[in-house]
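Engineer: So the protein lines, in turn, are chains A and B. Letter 81 of the first sequence, counting from 1, is numbered 128 in our numbering, and no numbers are missing. Letter 24 of the second sequence, counting from 1, is numbered 423 in our numbering, and no numbers are missing.
35 Å max Cα-Cα, derived DSBU-like pairs, lysine-lysine: (1) A:K146 with A:K107; (2) A:K107 with B:K408; (3) A:K146 with B:K408; (4) A:K154 with A:K115; (5) A:K154 with A:K124; (6) A:K124 with A:K151; (7) A:K154 with A:K107; (8) A:K115 with A:K103; (9) A:K151 with B:K408; (10) A:K103 with A:K154; (11) A:K99 with A:K154; (12) A:K146 with A:K99; (13) A:K154 with B:K408; (14) A:K151 with A:K103; (15) A:K146 with A:K124; (16) A:K146 with B:K413; (17) A:K154 with B:K413; (18) A:K107 with A:K124; (19) A:K124 with B:K408; (20) B:K413 with A:K151; (21) A:K99 with A:K151.
If you want the ones that stay clear, here's a sample from chain A, every Cβ over 12 Å from chain B, calculated: (22) F65; (23) L66; (24) T71; (25) K115; (26) E116; (27) E123; (28) K124.
Hints are computed from structural coordinates only; laboratory data are not their basis. A quick note: this is a predicted structure, and the numbers were derived from the prediction, not measured. For each residue, glycine too, the CB sits at the ideal point set by N, CA and C.
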Amino acid sequence: GNSVTQMEGPVTLSEEAFLTINCTYTATGYPSLFWYVQYPGEGLQLLLKATKADDKGSNKGFEATYRKETTSFHLEKGSVQVSDSAVYFCALTQGGSEKLVFGKGTKLTVNP
Amino acid sequence: NAGVTQTPKFQVLKTGQSMTLQCAQDMNHEYMSWYRQDPGMGLRLIHYSVGAGITDQGEVPNGYNVSRSTTEDFPLRLLSAAPSQTSVYFCASSGDGYNQPQHFGDGTRLSIL
Chain A
48 GNSVTQMEGP VTLSEEAFLT INCTYTATGY PSLFWYVQYP GEGLQLLLKA TKADDKGSNK
108 GFEATYRKET TSFHLEKGSV QVSDSAVYFC ALTQGGSEKL VFGKGTKLTV NP
Chain B
400 NAGVTQTPKF QVLKTGQSMT LQCAQDMNHE YMSWYRQDPG MGLRLIHYSV GAGITDQGEV
460 PNGYNVSRST TEDFPLRLLS AAPSQTSVYF CASSGDGYNQ PQHFGDGTRL SIL
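Excised from the complex, chain A in its bound form:
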């Protein structure tokens, strides 16, 4: 079945550091890929998405590129801020279904 594997956290960075959170997936066909973010005490929000190979999703300084050859969708940001502290989830959908399959989440803490 479909699955998502993302790097285990927690990840602790200093402000303005470079961020990478790795995400790889297993799926038949051509899934759509997403990053969701969960701030403390809140529900999840869509951060960015990519629906086909080589697409780059971007939002709020975060980027991720859909790499079919490596089945990856790594999240990057060049300079993190304290306000980026949250849990980040990689997820996929497939075959026109709205059902999301999530990774286990990576907690990011950014210190001033």
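Model the placement of chain B on the given structure of chain A, informed by the hints.
Structural biologist: Then chain B, alone, in the frame of chain A:
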């Protein structure tokens, strides 16, 4: 805009009790779903609905019932709560069309003693 509203935000139950977690959305979304979030497990799909009168099971449906009598509401019922159902529950909805973003409520934190 209210978006997706979940009630209650917190609840403590005793084993064997029943309760209903409420979820309502005001965006006229057809697709609604329930997830549970457990430490180290990410979010797992419990039940989902593609429209009023239509529901289906997700990855972890046992111990939960749902119904969808209106487009707006999608309640989740625990008929006989068990400690293994202690979790944070999220409701989500999305509109028609491929790859529409899912909108999540703020969650219900449920503890079963």
